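J.: Please put together the full structure from these sequences, using the hints given.
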Amino acid sequence: MTPLRATATRDQNPSGDAFQVERVTRTFPGGAGIHDIAFTAKDRAVTAVIGPNGAGKTVLFSIIAGLLPADSGQVTFGPGRSRVAYCPDVPQFEPWLTALEVVETSLAIAQMRGTFTASEALELCGLGKVGGRRVADFSRGMLQRLGIAAAIVLDPDVLILDEPNSALDPIGRADIRALITEQKQHRCIVLSSHMLSEVEQLADDVVVISDGRVITNGTTTEILTDGLEPVWTIRLGTPTATTIETLTAELPHTQLEFVTDTLCTARFTSFDTAAIELTHALTLLRAPVIEVTLQDRDLDASFARIIQRQEH
Amino acid sequence: MSASLASARVEIRRLTRSGLLIGLLATFAFVGLSGPALALYMPEILGTATNTDQLIIEAAPATPDDGITLFNQSAMQLGLILAVAVAVTSMAWDARTGSSIYYRTRVTHLSTVTIPRLTVAWIAAIVAYSLGLLLAVVMTNLAIGRISSDMVLGVWAGSTIYLVMTMAIGFLVMALARRTAPAIAVATILALVLPLLSQFPALSAWTPTTLLTGSTSGVQHLGLPILSALIVTALCVGGATLSTAKHSLRRDA
Chain A
628 MTPLRATATR DQNPSGDAFQ VERVTRTFPG GAGIHDIAFT AKDRAVTAVI GPNGAGKTVL
688 FSIIAGLLPA DSGQVTFGPG RSRVAYCPDV PQFEPWLTAL EVVETSLAIA QMRGTFTASE
748 ALELCGLGKV GGRRVADFSR GMLQRLGIAA AIVLDPDVLI LDEPNSALDP IGRADIRALI
808 TEQKQHRCIV LSSHMLSEVE QLADDVVVIS DGRVITNGTT TEILTDGLEP VWTIRLGTPT
868 ATTIETLTAE LPHTQLEFVT DTLCTARFTS FDTAAIELTH ALTLLRAPVI EVTLQDRDLD
928 ASFARIIQRQ EH
Chain B
-1 MSASLASARV EIRRLTRSGL LIGLLATFAF VGLSGPALAL YMPEILGTAT NTDQLIIEAA
59 PATPDDGITL FNQSAMQLGL ILAVAVAVTS MAWDARTGSS IYYRTRVTHL STVTIPRLTV
119 AWIAAIVAYS LGLLLAVVMT NLAIGRISSD MVLGVWAGST IYLVMTMAIG FLVMALARRT
179 APAIAVATIL ALVLPLLSQF PALSAWTPTT LLTGSTSGVQ HLGLPILSAL IVTALCVGGA
239 TLSTAKHSLR RDA
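Chains as they are written, first to last, in the numbering used here: chain A, 628 to 939; chain B, -1 to 251.
It should be emphasised that the hints constitute simulated quantities derived from the structure, not laboratory data.
Remember, it's a predicted structure, so these values are computed and weren't measured experimentally.
Errors might be hidden in some of the hints.
[Said to hold, decoys possible] Each pair of labels, with its calculated beta carbon distance range:
hint : chain 1 : residue 1 : chain 2 : residue 2 : range
1    : B       : THR117    : A       : GLY681    : 37 to 43 Å
2    : A       : THR742    : B       : THR117    : 28 to 34 Å
3    : A       : HIS821    : B       : GLN71     : 55 to 61 Å
4    : B       : VAL125    : A       : HIS813    : 28 to 34 Å
5    : A       : ARG924    : B       : THR117    : 23 to 29 Å
6    : A       : ARG767    : B       : VAL125    : 46 to 52 Å
From the three backbone atoms N, C-alpha and C, an ideal C-beta is built for every residue, glycine too.
T.: Right, dumping it as C-alpha cells:
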C-alpha cells in the first residue's frame, strides 16, 4: 500500500532524487506489462513518461503508487519522500459527494494535514466556485481538476498525474500547465501525456517507453536533440538575389535546397559546422529572414524518431 | 476525524443522497403495513379468488401471529434483496479503477474504508426493518389482536441477525467478484436459497436460516442459529477484508 502516512517531511532532505525505479518488471497473462524499467525522478522537477498507447505507463505509475506489486525490481524513495499521490487519467469519485466533500474526504481518510485546506486546493485547481456542486454533474475536465485537487491537498512528496490534460480545453490545459509549473517547486511530479508539446513545456526529464521497456531517457533537451540532424529551415521575406552556384561555392560544407523561392533547407555536416556556417549562409542569401528553425526540433518528432529507430 | 469516521460519513451521504435509505425505509414500512392487512383479509381474498360452486375454501380467522409472520415473509424477501444490494454497493467504489485508486492510495488498511461503510449499511437495514416490524406490530395489535412481546423480540432478533448475515455474505461476494451487478445477483440468489437449508431436519437446529422459520417461537430457542449466523458473519467480513487487501487494481474495469 502506498505509504501516504509517512510522517517525514521534505525539509529533512531538501534536494536530490525523489525516487529511483530499479529494474522493475511486472508481466500479465498474455505477455503485456513492463520489463526492466529503470530511471530516476528528481525532486522538485517534472519527469514525463511518454510512450505509445499500451506501452505500460499506467502499469508503471500503479507500481510507483503502490497499487500493483512488481514481479521483480523495486521503487526506492528518497529519505522522507515516500508520500505518493496518484491522479489517474479518468478520476472517479462517488457521484453523490460534492467536490469539497471529495477533497475533505481525501484528507480525512489519508489522515493527513496538508499545506492547503480543501477549499484552497479546489481554488488552486479552478474549482473554487463549484465546491458545493455534486460530482455527478461534473464534466470530465472538471473531474480531472478535482482529481488533481484531491491529490495536491495531501501535500505529497511525489505527485503522479496520468494524462492530466487529456480532457481539458485549451484554457484548462494552460491552467493545469501553470499549476504543474507552480507545484514542481514543492514536490516531484511524474506525468504522462500524449500531448508532447505540453510535455516539452513542462518536463525537465523525459523517459520514453515502448512495449513495456525504457527506450531512452534523459533531460528534455537531450531527448529533443537525440538523433536530430543539423538541418535548418529558412523562410525568407523575398526571393534571394544570390545564385545557387555562388551559395554552393561559398558554403562548401552546406547543402542548400530551395523548396520555393522563399523557403529553403540548409543541411550541415555537423552541428559544429552549422554553428559556423549558418550565419554566413543567412548573410549570403541577401534577403529578409523571416524564420530560421531547426527541423524536427519538437518532442513529437523526437518521439517518432526514437520509436522508429527502436522498431528498426 | 478518523479515517473510519470519514468513511462512515461517506456511506451515510451515499445512503441519504442516492435514495437508498428512503428505499429501505419505504420497503420495510410497506410490508409492515401490508403484512397484517393481508393476514386480516386473507379469508376474503381466498374466498374471492378461489371459491366456485364445487370448491369452497374457508380460511380460519387471522391470529396476531399471522400478521407478524406475513410481514416477516415479505420483509425477508423484498427487504432482504434491497439490504443485500445496499451492502454490495457499499463496496462499488472498488469496481471502478478511478475510485479504487482514490481510496487505495490514501489508506494503509482498506478495512478502515470497508468496515465502517458496511456497519452504516447494517445500521440502516436494521433501523428500516425495525420500523417495518413496529408498524406491523401496531397494525396487528389494532386490527387483529395483541401479540406477545416474546414473539416480537424473537422475530426482531432472528430477522435482524439474519439480515446482518446475508448482507455480510453480499459483502464477501462483492469483495471476491468486484463487479456490482453479478455480486448482487449471486448474493440475492444465496439469500433466497439459504432458507431451504432449514428444511433439512439434521441442519435445522443450528442453520442460520432457522432464524426465519423458528423466530416466532421466541428468542430463547434461537441460541444455536444466532451463534452460527454470527460465525458466518464474522467469516464473511474477515474473508472480504482479506480479499480486498490482497487484490490490486482491477485492470479490466
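J.: Against the structure shown, which of the earlier numbered hints fail to hold, in ascending order?
T.: 4, 5, 6
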